[in-house]
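J.: Okay, here's what each chain looks like letter by letter:
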Amino acid sequence: MREDSGVTVIRPEGPIDVSKSLDLRALLGEQVASSGGKVLVDMGGVPLIDSSGIGVMVAAHRRAEEAGAGFALAEPSDAVAKVFNLTRTDRLLSIYPSVAEGVAALAG
Amino acid sequence: MTPSRGSADALWPSVLEVVWKTDDYEERLDGLLAFVSDATGLPDGYLYLADESGLRFHLEQTRARPLDDPSRVAPGPMAQSLEGGAESIGPTPALELVRTAEHEHEGEVATVAGPMYSLPLALDGELVGIIQTGPLPRGGISRGGRHKLDELSSPLAAAVRQARGEQVLRQRLQTISAQLETGQKLAGSALDVGRFVQLLLELGLRATRTEAGFVAIVDPDSGSLEIRAEANLPDGFAERLDLSPDRGLFDWAPASETGALVLRDLEAADRLGIRSVLAVPLLEGQEPLGVVALLNFGAESALSGQSLELLETFAEQIRLMLHNSRLFDAFTERYLETVKGLAQSLDVRRPYTHAHHERVTEAATTLAGALGVSPAELDAISTAAAIHDVGMAAVAELEGGYEADTEHPAVGASMIESLPLHPWAAASVATHHEWFDGWGFPKGVKGEEIPLGGRILAAAEFLVERATTDPVGPGLQVEELVTEVEQRRGSQLDPHVADAALELLRGGRLDLGQNVNGNTRG
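Listed in order, the protein sequences are those of chains A and B. As numbered in our numbering, the first sequence has no gaps in its residue numbers, which increase by one up to the final residue, 108. As numbered in our numbering, the second sequence has no gaps in its residue numbers, which increase by one up to the final residue, 522.
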């Protein structure tokens, strides 16, 4: 986790499944609530995500929307991008090709 | 020192031999990275391949020292240890590189995995990929190592392109084979949606190397999900699974806007012992039709880009199946209403056939109920009774009022036999003039060769006609009907059906409707 232009960048590592999602939910919930409203999840280290992980991302997205905060994802691998596409959540979430673009969008 | 052309040319067969000696794609790429490692003395290597756009490179193969190698500075480049389940404690190589001018030239680069030497794999002006090798020693790569890499660039590019090309063909072949297998199996089970969906689920699990799964379909009336097919689910899993729309495992709320489907109840998934789950929505436009869920309980998910493509193929097949099923159900309903309308229009041609189909339907369903048939069979008999004489519409009427009607059961049956109805529906229409002793028409079949639906329909129509006043004679009273049935028991009428009819007649429980004179019969 790091700060970049006022945006909290969180970089999970490894595949996100049910047990990882439980941890990730706690971390994201905390950050969305306390980060001043700008959280970017760098997906560059995530080779695969399942529906539980996507549920966590959507929950964080909703929570940020309700709080008037910013939440986005960046740099998904092809497989991860495919999962977002298959579940149609790519239409719901803000997903940027690179961390730099995600940070710029949230910071702006 | 400029390398001699001779020594560079000698590298080609050595590099290509790495590709030729195995069919396995990963072994081929690993062999090429090992070749680079041997040539340079640098232990770690990362192969990135250009995507179709040529604007990005994806990490395709890694060859790195094991985590417990003492030469690695902990945490090493490939460490994926997690803190709090989400944070990395060590750098990893980038999974994707956005192409820049820097990638077209070999040289030292700073990467998240440390200082590496980047070698472009170029062939015929095309940048096939990049190999990053390292970690670089203090002072950088040796002149000898740099020279060897320079010589290796083109043969490695050719070898990678060869391996990648074959792999793409294999993946296409696998996808086509899966589609072909699906198509062949589907062709043998037309209209059986349940079997289709089960088959597609099993094929999908096999193609994606997933442990278990289910397909749940949205009930159009209640909006809730109901499991229609399942494979390898643990005992009791389906019973413990809550799929209700308001609080169940999946959240359908976003579906109204985007068609999105997410897992809502993480704790429930954890309690159910699910390690990973991938739920794909099946949509008709934005309307949810159902969900395909792939589950792993013990094993780590083996889903990859390719298996996700296959999953999409299977999900689309299931969606199409449900879509076609819904269309066909709607068509069947409308078509049957038309056929029933045609049958009723025949009834009004003569005063003594008024409401004939309606009366036969009432009698046939009463008889069928008394005989204890299943709800599906009862429904089929009701449908058959409602249209049983519709084939008369296709029969020429002869002078003097006599009708060449021996073909009307077959004609009527042919009008509904292609519909996805219970087999008794068409069979009952086809056999409602057959006699139990074989003296009926059109085929003269007998006994239990005649489906029970046909035997019931035959008795119902016989009773309605005998209770109706027509040019042949006055409608019969209950006692006379009882005598008629007793006389025909075992000859024209199935003895069991006849017995049921007799019991109903004697008990005043068989409504044969009103005849032309308005007298209630039965």
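Watch out, some of these pointers could steer you wrong.
Here are the computed distance ranges between Cβ atoms for each label pair [stated by the list, open to error]:
id, chain 1, residue 1, chain 2, residue 2, range
1, B, Pro13, A, Asp78, 29 to 37 Å
2, B, Tyr335, A, Ser94, 46 to 54 Å
3, A, Gly108, B, Trp12, 14 to 22 Å
Just some of the chain B residues that point at chain A, by a computed CB distance under 7 Å [claimed, not checked]:
id, residue
4, Pro13
5, Leu16
6, Glu26
7, Leu95
8, Gly259
9, Leu261
10, Leu266
11, Leu272
12, Gly273
13, Ile274
14, Arg275
15, Val280
16, Leu308
17, Glu312
18, Thr313
Note that these hints are calculated values from the structure, not bench results. Virtual Cβ for every residue (Gly too), placed ideally from N, Cα, C.
J.: Would you mind marking each hint as holding or not holding in the structure?
T.: Okay, the hints, checked on the actual structure:
Between Pro13 (chain B) and Asp78 (chain A) the beta carbon distance is about 34 Å. The supplied range of 29 to 37 Å therefore holds. Between Tyr335 (chain B) and Ser94 (chain A) the CB atoms are about 48 Å apart, so this pair conforms to the stated range of 46 to 54 Å. Restraint check, Gly108 (chain A) to Trp12 (chain B): a C-beta distance of roughly 51 Å breaks the suggested window 14 to 22 Å. Because the closest C-beta pair between Pro13 (chain B) and chain A is about 34 Å apart, greater than 7 Å, the hint is violated.
Because the beta carbon of Leu16 (chain B) sits about 28 Å from the nearest beta carbon in chain A, more than 7 Å, this interface hint is broken. Because the beta carbon of Glu26 (chain B) sits about 15 Å from the nearest beta carbon in chain A, more than 7 Å, this interface hint is broken. Hint on Leu95 (chain B) holds. Least Cβ distance to chain A is approximately 5 Å, under the 7 Å limit. Satisfaction of the interface hint for Gly259 (chain B) is found here, the shortest Cβ-Cβ separation to chain A being roughly 4 Å, below the 7 Å cut-off.
Annotation: interface hint on Leu261 (chain B) holds; nearest CB of chain A at approximately 6 Å, less than 7 Å. Look at Leu266 (chain B): its Cβ gets to within about 6 Å of chain A, closer than 7 Å, so that hint holds up. Interface restraint check for Leu272 (chain B): the shortest CB-CB distance to chain A comes to about 9 Å, outside 7 Å, so the restraint is violated. Because the closest C-beta pair between Gly273 (chain B) and chain A is about 9 Å apart, greater than 7 Å, the hint is violated.
A distance limit of 7 Å between C-beta atoms decides the matter here; for Ile274 (chain B) the minimum to chain A is near 5 Å, and the interface restraint holds. Residue-level restraint check for Arg275 (chain B) holds (minimum Cβ-Cβ distance to chain A is 6 Å; threshold 7 Å). The criterion of a C-beta within 7 Å of any C-beta in chain A is met by Val280 (chain B), whose closest approach is roughly 5 Å, and the hint holds. With a cut of 7 Å, the hint placing Leu308 (chain B) at the interface with chain A holds, because the nearest CB-to-CB distance is about 4 Å.
At about 6 Å, the closest approach between the beta carbon of Glu312 (chain B) and any beta carbon in chain A falls short of 7 Å, and the interface hint on this residue holds. The closest approach between the C-beta of Thr313 (chain B) and any C-beta of chain A is roughly 11 Å, which is over the 7 Å cut-off, so the hint fails.
Of the numbered hints listed earlier, those contradicted by the structure are 3, 4, 5, 6, 11, 12 and 18.
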